[in-house]
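Colleague: The lines below spell out each chain.
2 protein chains.
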Amino acid sequence: MAYNIAPLNELIAQFERLPGIGKKTAQRLALNIIEQPPERAKRFAEALINAKSKIHFCKCCQSLTDMELCSICADSQRDRSVICVVSEPKDVMAFERTREFNGTYHVLHGVISPLDGIGPDQLRVKELMARLSDSNVKEIIMATNPTVEGEATASYLSRMIKPLGIKVTRLAYGIPVGGDLEYADEFTLARALEGRNEI
Amino acid sequence: MAYNIAPLNELIAQFERLPGIGKKTAQRLALNIIEQPPERAKRFAEALINAKSKIHFCKCCQSLTDMELCSICADSQRDRSVICVVSEPKDVMAFERTREFNGTYHVLHGVISPLDGIGPDQLRVKELMARLSDSNVKEIIMATNPTVEGEATASYLSRMIKPLGIKVTRLAYGIPVGGDLEYADEFTLARALEGRNEI
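Going down the list, the sequences are from chains C and Y. Residue numbering for the first sequence follows the numbering used here, starting at 105 and increasing by one per position. Residue numbering for the second sequence follows the numbering used here, starting at 105 and increasing by one per position.
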């Protein structure tokens, strides 16, 4: 008979289902929970249930929120004439960390990927077009990832939006700040050269 | 007003309190929970509560179990005359994975560390001595970590146990299987030389 503790194995299995968590890490995390006071496990369990039950998509930008409108859409100080289109809620968090953007967002919840059977209808494109029709939006910033699917999504949307007379822009390509030219791939370097600015 | 979702932040904070989980990983794990069906969060929450409430120390070997005796101590096939002394429950799991050991274990729940104020009284030493007094134990294998504290704990316990006429052994030191001599430190290599076996 092997060393077998059903409740511990179940907790390890739950940790292991998380992305990027392997068997050994899952075991370490589960044992950490066992070592801590019971309040710890209780608070963690409550946080899981609360997060899942209270968080849904913002009625306007489709980002995550526990209210009707997310804190960005509800903020009267934000510039509603600029919409930054991203694929995932985590991209909104990434832009907010820069503290450089005062417009609003629109989360597509994915990118167009015919191989995975994801077309525009599976994304929050309809909701984006609805926002464009009844407001004075001046610029759409395409901020999908610089991947094949991200590019395809950006160019698909830009073909739909341009006829409405709205300016469509794309994030700049170039060398990452703090990076090393030696490690930049040739496509990035070519784009950085192409998009060079006078100093 | 920043992008702020209280239930999400709380879940991120809970993940971040786990060992080896940084801010970015915590965010990724929390967002994964949000993306999954609600049953997922519910099962995870239940696993946390169950693991913490049902698991306690085995009455005999002080390892983790959800019964009175752990599955190893309860197994009549295991050899009770050999006790492998380890510092943590995870060490029991490590030995069990080898499938090479058919004796029993004793978990100290720590090592002697005067700097951290941990002496023998803070460890499960009393319980080990009790096991030795009323059974026919023939060998104690000291399997604490090969660190200063692990060594000190092993030699402290061996000084206590030897007078009882019980054989005390220590895990072999040497080069790890599959390792590279070039990366072995001089102490390990010296011990491997010292403990060489005829082939």
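Treat the hints as calculated values from the structure; they're not laboratory data. The structure displayed is predicted, hence computed values, not measured ones. Fair warning: there could be bad hints in the mix.
Identical copies look the same in the list; a pair holds intra-copy or inter-copy alike.
[Claimed, not checked] Heads up, simulated DSSO-like pairs for lysine-lysine below, C-alpha to C-alpha not over 27 Å straight-line:
| no. | residue 1 | residue 2 |
| --- | --- | --- |
| 1 | Lys146 | Lys163 |
| 2 | Lys158 | Lys127 |
| 3 | Lys128 | Lys146 |
| 4 | Lys266 | Lys127 |
| 5 | Lys163 | Lys242 |
| 6 | Lys242 | Lys128 |
| 7 | Lys158 | Lys128 |
| 8 | Lys194 | Lys163 |
| 9 | Lys158 | Lys271 |
| 10 | Lys146 | Lys230 |
| 11 | Lys271 | Lys128 |
| 12 | Lys230 | Lys127 |
| 13 | Lys271 | Lys127 |
| 14 | Lys128 | Lys230 |
| 15 | Lys127 | Lys242 |
| 16 | Lys271 | Lys163 |
| 17 | Lys146 | Lys271 |
| 18 | Lys128 | Lys266 |
| 19 | Lys146 | Lys158 |
Colleague: Of the numbered hints stated previously, which ones are contradicted by the structure, given in increasing order?
Modeller: 4, 6, 9, 10, 11, 12, 13, 14, 15, 17, 18
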